[in-house]
Structure formats: structure tokens, C-alpha cells
Amino acid sequence: MDYNHKDIESRWQKYWKDNNTYKVDIDITRKKYYVLDMFPYPSGAGLHVGHPLGYIASDIFARYKRLQGYNVLHPMGYDAYGLPAEQYAIQTGQHPEVTTRNNIARYRQQLDKIGFCYDWSRELKTCDPEYYKWTQWAFIEMFNHYYDTQLKKAMPIEQLVEQIATKGTKGLTAYCSRELDITPEQWASMSDKEKSDALMNYRIAYLGNTMVNWCPKLGTVLANDEVSEGLSIRGGYPVEQKLMWQWCLRVSAYAERLLQGLDKLDWTESLKETQRNWIGRSEGAEMKFKVADSDVVLDIFTTRADTVFGVTFMVLAPESKYVEMVTTPEQKEAVEEYLQQVKKKTERERMIDKKVTGVFSGSYAVNPLTGKNIPIWISDYVLAGYGTGAIMAVPAHDARAYAFARHFDLPVIPLIEGADVSEQSFDAKEGKMINSSNGEFSLNGLEVKDAIAATKKYIEEKGIGRVKTNYRLRDAIFSRQRYWGEPFPVYYKDGVPQMMKLEELPLMLPEVDAYLPTESGEPPLGRAKNWKTKDGYPIELNTMPGFAGSSAYYLRYTDPHNPDALVSREANNYWHNVDLYIGGTEHATGHLIYSRFWDKFLYDLGVIADDEPFKKLINQGMIQGRSNFVYRIKDTNTFVSHGLKNDYDTTPIHVDVNIVSNDVLDLDKFKAWRPEFADAEFILEDGKYICGYAVEKMSKSMYNVVNPDDIVDRYGADTLRLYEMFLGPLEQSKPWDTNGIDGVNRFIKKLWNLYYKGDQCLVDDSEPSKRALKAIHTLIKKVTYDIEHFSYNTSIAAFMICVNELTADKCHSRQVLNDLVVVLAPFAPHVAEELWHSALNHTTTVVDAKWPVHNDEYLREDEVTYAVSFNGKARFNITVAADMPQDQVQATALADPAAAKWLDGKTIRKVIVVPRKIVNIVVA
RNA sequence: GCUCGAAUGGUGGAAUGGUAGACACGAGGGACUUAAAAUCCCUUGGCCAUUGCGGCUGUGUGGGUUCGAGUCCCACUUCGAGCACCA
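Quick note on the numbering used here: the first sequence kicks off at 97 and runs consecutively.
Please note that a few of the clues may not be correct.
[To be verified] Straight line, CA to CA, 16 angstroms or less: simulated EDC-like cross-link-like pairs of lysine to aspartate or glutamate:
1) K249 - E415
2) K428 - E415
3) K845 - D759
4) K712 - E365
5) K552 - E433
6) K589 - D855
7) K1013 - D944
8) K417 - D395
9) K127 - E666
10) K553 - E526
11) K102 - D215
12) K291 - E281
13) K597 - E556
14) K845 - D98
15) K878 - D952
16) K845 - E325
17) K441 - E426
18) K712 - D675
19) K545 - D505
20) K784 - D759
21) K441 - E290
22) K113 - D215
23) K417 - E432
24) K906 - D860
25) K845 - D855
26) K877 - D952
27) K313 - E352
28) K128 - D208
29) K360 - E777
30) K384 - E556
31) K767 - E777
32) K767 - D745
33) K765 - D745
34) K793 - D833
35) K119 - E901
36) K866 - D833
37) K248 - E666
It is worth saying that the hints were derived from the structure and are not from the lab.
For clarity, every value in this text was computed on a predicted model and none was experimentally measured.
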């Protein structure tokens, strides 16, 4: 029989399913290995060939590990909550659950065709109440904990309450939004509402009145990672800053641990760097500047404490709380006008508009080192959300302050020797300090680095300031004004938020009559009937954001049906965290930060055993589209082939890549493609119509989407799997080009035809030749190494070489095929399984076989050819016994008649023998 | 602007500091076939030679280290990614 992928693949997929071949359970006799893919959001468009790239890579690794004897957990599920389903629901009125369910069914169908070894009994969906019960639970736990800066971990809020009640807030070691000053007596007399408000300063999940990214078009707030350059990532709509009451997660409390944790992770440097940037640790000092003739003290943050002597003005963010305190009556009108002006601008306008704007507050601050008065300005170039929202401006050594000073004609005092500040500021942190002395304390002559340290020490001693580390990482805004998300397990009693009890969970997402905000502007849940507790208290109307459900899903897979816990201790102790995580880099500052945060929190609670979720992470590259073009001659219906298009005035038109093969257009299919092309005419070259091409994003509108189903149908899943891996290095982005798939398809056919001639199976028990043994053991060695290093493309090249060798050797040895099939099984499981049973007559599945170990014995050569070179230039070859010692190789090379020509009386300075490669003779 | 990564044939891409271009696509030539498809064989970085062996050159640019550099170091160019009024 000829190789028939349809028959083989459907048969084995059914077998695996019927026999639960890939179901795994805790087995303490075997070591575990956990391989995870970033689960997909099931979009309406289905999978294109780019999606399975990472899944195939992880599947290969999972199968490999299993063959090596590990108990491999390899699950799959769906990130089912999300905006597209909701927007579709708004347009059509169809319940998002219905569209989500349909999309999931289609995804599953597509995935099943590719032959993955997922344990589907562990499948999960984030919108499943049995799952989101534990998302809600984690939120409640976050509400009930604070972050202790001394112990560096989350602690129960009751402990904090007790401390405040007995000792007040003085000396608390709790990470907080702002420092409070409450005595035990005051605490005792506070109302429930006041206490609740106070505690919101400490809770890890808290209700905060914070500046948020509000996207009017989407009608919801967005997290920082969902916004780029002032536009929403989804949709690209403008985002404005707005003060709103929102649920937040105190991710910033974990900034240092999130940063430190990166060091021990096996992730790519670039991804770790991205996270480091995002966390944005910066060491500096917080300093106090008294306001002249007032009790107000400005706290500012600076990384350049050394430049205090050059401060010529102060700047406050327009949103800063200080603005009100320092504005003088004379300046009130001007300040208010400026604040109005700033407010009108969107975040994006504020960023794009590089014009220097600002207004004088009327007040002066006192430089703590010089005692001089310096004006306090207000400008939107200072951000309210970073540091203290107030800065000391040193125009000589900061570009933004310089621009500001020049615009408003403020003085510039250079502090570094030789720095020319007549045209621009000198921002570099190097050079010797000048102009920096007040008689008592001097930095003059010091290097910048030493000056920073000296100043920090001095201001701490004098109580003017303190060393402070700031982070750019902000708390995560956790509320979304949407329908299709997890409801908050929160209700309000006299305006005080209360958490539901665990036994009341899951709090099910209610039905609504429409998915839009209510007329009064409440979120869609405002439409739900009886959205209150049984005691009649109103329930929170916001829902949770997308990252809520994806933050701990990897834990749930290890114990997916547990009704009593997110994950049992037993399951967690066995499966631990993810050994290998594969997914796109687009989640670098979103999911991968939140998940680490969530994990660390659960670790603090003692619920799980590891303080990092993903030990090793591989980012597969994006598969881009490869679009094809036809060239229509202007105002005609005639199309000219790519090579001749320059002779005409043409317009390029995208053409469906599925009717193009090797850039040659199928003319009949083109005419049938769209009615307006039915009577198209063509100008051909060499009898063919050659299309142009370009690499673009894979998308419907470019007609360059390739559906994996079509590939599987035509070539088979094994070919698809091999080809996706053969395209290039896993981590690299590359365009999908169906040209070339014939190569790997031919490989499978060659393999098949090596062992089958018609119906006759050629496998025999003959002793394999030396050549065959060398071929197969080279393969085993190479593939083992390559899988460990995720270099799948070179593995596949190794398979091709091996099969070519075996074909040339006419090797039908059972022993050789046995090893070949096992190492092939991770890559092309269906054809491997078929050969395993039909050709080798095994009764177990290849899945349970044992990974072979290569034997160096077979790789050893009898003779080795060395290239003999003189001064690095290759001249001739010598062939000697493989085990000849190096000095003899040298002697042989020098004694060769060909050497005489090059030696020719010259002095030999050195002879270098590189084992099995080169003999280099250095002559002078 | 700062940080990170990349640059190799017509194309995708191989090369622990050791004969650059594995493997595959495409292209050209040939075999089989009435023909096509499929399959198989040969050639395929460039230039020169091709009655022979072969010779020269070549991994974005310019330097350096080394017996020897695609690989290491320095400077530059281009492209990609991340961050970006973060004080």
C-alpha cells in the first residue's frame, strides 16, 4: 500500500482517543514533567497555520520527555473571556457564551486533526463556573491580605487590624498606597466605613480612587499593558486619564520580588530584559523641600541627588495634591486655566505634543542645601503617577528641565566641569562636580557617582531626605465595565465592600437583556435582575479583566476537577510548577507578570510550593503571511506577469494565496475566484503567470491566510508538523510559505517506500551494515541533542539524511527501523505509530516505547581525512587511521610529498592538529 | 533617546574559533512515460578555466585579536523588538 495519510491519521487519532492513551495521573514512581502551551483565546476566525507552531513544538517536547520515561503533564484549555465575543454579542445580541462555545468546538476540531498528545480530561475554560470559582477565591484572599515589607510576604489583614488597634499605624511594616497616621484611640472611634477606607490602603486587592486609562470608545478602563502610545491595543482607540474608583491589585508591592525572581528563571534574556524595563527599578533619594512662608513640605524623588546645588525651580504634576497647597491667590486664576487646558488633552495628545507648557504657582521652595528660594511651577511634563508627582528641576543636567528653563527663562547652573550648557543640557552621569558647595558641605571635585553617594549620606544624616528605590511598575487595575468576565464576589453594605464566603462561590455571571452599559452609565451587570445578595445587598457591577482567569490556570490543570481547592496539596506536591512553557512574547508585560505575581501571592499563602510559575519559557516566533499579488494594467481587465509589469502602468492587487502555487497563478481558479475576474486576460511570461509577493501580517484582508485544515487534508498532519518545524528556528518570526512543503512530504513518502513496496512489507531481521548503524546512531545523537536545544529544524534535516542513507544502503533491518520510529514519534506520531504496529508488529503503542541511546562505537571512523594547511590556507588532504595520535598525524603531514612545496626551507614555527579537522602548519 | 536582538546563495535556512553554504525549496539538464503527474539521477554562491587537475573570491561596512574569524573584540550602517516626558 502507498502512504495514505488520511487512513493512518484518522485511525490512530481514534485509537488514542478510545484508549485514553494520553491521560496522565499522579505516579510517584516516576518523575514528572509539565509542558504547557499558552492557552488560546478562541476567536471566531479559527486557527491559521501560525497558531499551532508553538503547540507542535511543545508536543514534540512532551512526547520526547515521555519516551524518556517521565510522567508528562501536557494539557490544553481556553482563555474564554474576552472582548471580541462581547462586541460580537453587542452587535448580534447573541449570548457570548454561545459564540464562545461554538468557537471552542471549532478550535478543538482543528487541534484534534494535528495529533497532539493533550490530556483532554484536564481541559479547562476560564468562563466555566467550576474554574472561575477559584479566580474569585484568589481575589477574596488578596482582599484579606496585606504585604509586609519586613517579612517580604503577604500576611492576613487581621494581624494588621490588631496592630493598628493596639499600637496605631506608627511603625507598621505594611506596603501601602499612602502613609496614614492613626492612633489606637482614633481607630477605636472610627466608623466601619472609615475603617474600611483606611484598610484599603493596605489590602493587596483594594478599591482605590486612582488615575486610570479610560477608553471611552470601549467603555471600559484598561491596564497599562493594554495601552500603547495612548491608544488601546485592542481597536486602537484613544485612551484618557481619569480619576475613578476601581478595584486594583497591589502588584507594585511585589516589584522587588518580581525583579529578583527573574535571575533564576530559564527565560530568554530579551524577555527578562523586557520585564526588567517594565518593573523599572530606579535607585535614588526622596528629599524634602520646605515651601517658603508655609507649613507645606514637598517630597520629591530624584536619581541625581548630586545635583541639588543646581536646582533652579521645582515642578509639580498638574494632578499633584501639592498644587492646591502651593498656589497663591494671585496665581489661582492662571493655574486653574492651565489645569483645564491639560485636562482637555487626551493622553495621546499629551505625549505627542512636545510643546513646553506650564504655569507658575506663585510659591517658592527653599533649597535645603543652599537655603535659596526657588520658584515652584506646574507642568504636565511631570507625571502624577511616578515617584511623588513632584520634582526638583536641574536644567543644566536634564534635557526636559533644560527645555522648560529656556522656554520660561529660568536660570541654568552647570555643575559638572567642562559641561557646555549653552545649547543643551549635559545628561551624562560622568565628570567632576563644580559649583556645589554651601561652605559646610561640598561636592566639588568629586566624580558624579561619588557625589550621589555623598549627598545621599548627607541628607539622611541631616533628615532632609532618605534613600529610596522607586519602581515604574504600577498596581493593576482590576475592574472592567464589561459583561463577559468573572463577576466580583463583592457586595456593598452601607457602601462598605464585603466579600462573599467561599461556600457562596462561584458567584455566577447573571443573564442580562443586552450587553451594553445601562442608560445611567452603569456597567452591563446593572441590567441583571435581582443582582443582589439574599439579604438584599447590591453586588458589584464590574467584572474582572482578561488576565484574572489566565493567572493561575496552569495550577488548575494539575487538579482540574477539585471542588474543594484550586489545587490539592497532593497534586501540587507532585506536579509543582511548569517545567516548560511555550507561547508568544506579546504577553511579556501582561500575563507573564500577572501570573508571576499571582503565583507569588499563593506561595505566600502556603497554598503552593513554588514561588515562580514557569521555570523555562520559550517564545515561538510569529508566523507572518506571505501575500501574493497580480498586476492589473490600469483601466483594463488585463493582468501582466510579475517579470513584465514594469513595461506597463499597473496596480498590484492581493490575490488569494490558495490559488497560487510556487508563485504561479492558477488562471482558471483566478477567473472563478471573483466575478469581476471572470473574463480577465493575461500577459504571460514563459507561458506562466508569475505573481509578486510580500511578507505581511497574516489576515483575511490580505488573502494570505492558510488554514491548517487544508494542509492536513492535502498532505497530512505529520507533514504539517514536520514542515512547521522545518521552516526555521522556533523562536524566530518567519513568513508562512507553502512552497517547500513538498520537501518534507517527500521525506515521509521516502521513509514509507523504504519499508513498503506495494503491499509487501520489506522489514527483515538482517544484521544492519556499518553504514546503516552509523546513519541511525548519528540520527539518535543529533535528534536527542536538538530536541534538548529546541533546534527542531536541524533535527528534521537529520531525519532526511538518515533516510537517504538507509535507502542507499537498502537497509530493511528491524533493529534500525525500531530506533528510527521511536525518535521520529515526537515529530510525526501517526506515521511512527503505523510503522510501529504494521511493520514492526509491536502490540503496545510507540508512545510507551523507550528513547534509544546512541552508541559512539558506531560513529567512530576507521580513517580520518585532515585538511593540511599552511598559515591557515588549506593546501592538501591526508587520510590516516582514526586513532592515530596527534604527533604522528603531524609527522605524516610534514612527510607528505605535497608538503615539501610549501615548506621549501622555511622554518616551522608551530603545527596545530585540530582533531578530525585540520593540520595547520605555521611557517615563517 | 535608552535597552536587547539580528544581518550568510534566487528563497527558507546549516555551521562547539577549524575545509562556509548542511537540509530543503526553486531553477537548469537528463532518465522513465504516447503524454502528463509521480519517481529517480546530475548541476546549482560568484568569477575564471572546463582537453584535465583546478584557481581566485566570498558570510552588511571598516578595523583588530588569532596559525586560523560567519563565529571573539572595537567602531559604523541597516533592519526588527521592547521601553520611552519615569526626574
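Of the numbered hints stated previously, which ones are contradicted by the structure, given in increasing order?
1, 3, 5, 6, 7, 10, 11, 13, 16, 17, 19, 21, 27, 28, 29, 32, 33, 35, 36 and 37
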